[in-house]
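**Q** Let the hints inform the model, and build the full structure from the sequences given.
2 protein chains.
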Amino acid sequence: MRARIHVTLKKSVLDPQGKAVQQALSVLGFREVRDVRVGKYIELELEEGDKLKAEERLREMSERLLANLVIEEYALEMDEEE
Amino acid sequence: MRARIHVTLKKSVLDPQGKAVQQALSVLGFREVRDVRVGKYIELELEEGDKLKAEERLREMSERLLANLVIEEYALEMDEEE
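Which chain is which? The protein sequence lines are A and B, in order. Each residue of the first sequence is one higher than the one before, starting from 1 at the first, in my numbering. Each residue of the second sequence is one higher than the one before, starting from 1 at the first, in my numbering.
Hint data in this document are derived by calculation from the structure and do not stem from the laboratory. Hints should not be assumed to be uniformly reliable.
The list treats identical chains as one, so a pair stands whether inside a single copy or across any two.
[Unchecked claim] No more than 25 Å apart at the CA atoms, straight line, and that leaves these computed lysine-lysine pairs for DSS-like:
hint: 1; residue 1: Lys-19; residue 2: Lys-53
hint: 2; residue 1: Lys-53; residue 2: Lys-11
hint: 3; residue 1: Lys-19; residue 2: Lys-51
hint: 4; residue 1: Lys-11; residue 2: Lys-40
hint: 5; residue 1: Lys-40; residue 2: Lys-10
hint: 6; residue 1: Lys-19; residue 2: Lys-40
All values derive from a computational prediction rather than experimental measurement.
**A** Okay, structure coming up:
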């Protein structure tokens with residue numbers, strides 16, 4: 001089964017990397033960019049056919065390793081079938 | 001207009017960060033993970049109402065700054081309306 005996890009900074013947390021990208025874009029002439037936030041995008045291939053079980057395991061992975069829940073949040077997506 | 005860009009390594013390019021994550025997950029007991037690829041996820045807020053024009057500008061931003069097309073590829077998504 002294929003899964004995708006988006007890890008993003010919480011709305012209330014400042015994103016200096018995003019600000020740096022916004023400034024670099026502005027210098028390049030892209031002044032229409034009002035805000036930029038940068039997150040992580042993780043694609044996983046799992047040996048697990050059962051979607052509910054896979055979702056539970058992915059939540060565990062996200063909370064134990066992939067996301068820092070103090071400042072980040074995560075969203076899961078899974079493909080329908082194996 | 002809100003837009004999202006996914007920047008990922010091309011399939012043919014090795015992903016050492018993904019391998020490190022896979023190994024860390026394995027050490028934590030997540031041995032069902034067969035493969036991991038890590039990419040960037042960029043959310044932008046644009047002062048541009050026209051979708052076609054916005055798409056063209058986003059492609060330019062991706063190709064000039066956000067993605068390294070030698071080793072990476074990108075995908076755009078845009079919200080329907082302002």
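**Q** Are the hints correct? Go through all of them and say.
**A** Against the structure, the hints:
1. Lys-19 / Lys-53: between (38 Å within a copy, 23 Å between copies)
2. Lys-53 / Lys-11: neither (29 Å within a copy, 28 Å between copies)
3. Lys-19 / Lys-51: Result: close only across copies, 24 Å inter versus 37 Å intra.
4. Lys-11 / Lys-40: both (15 Å within a copy, 18 Å between copies)
5. Lys-40 / Lys-10: both (13 Å within a copy, 16 Å between copies)
6. Lys-19 / Lys-40: both (16 Å within a copy, 15 Å between copies)
Hint 2 from the earlier list is the only one contradicted by this structure; the remaining hints agree with it.
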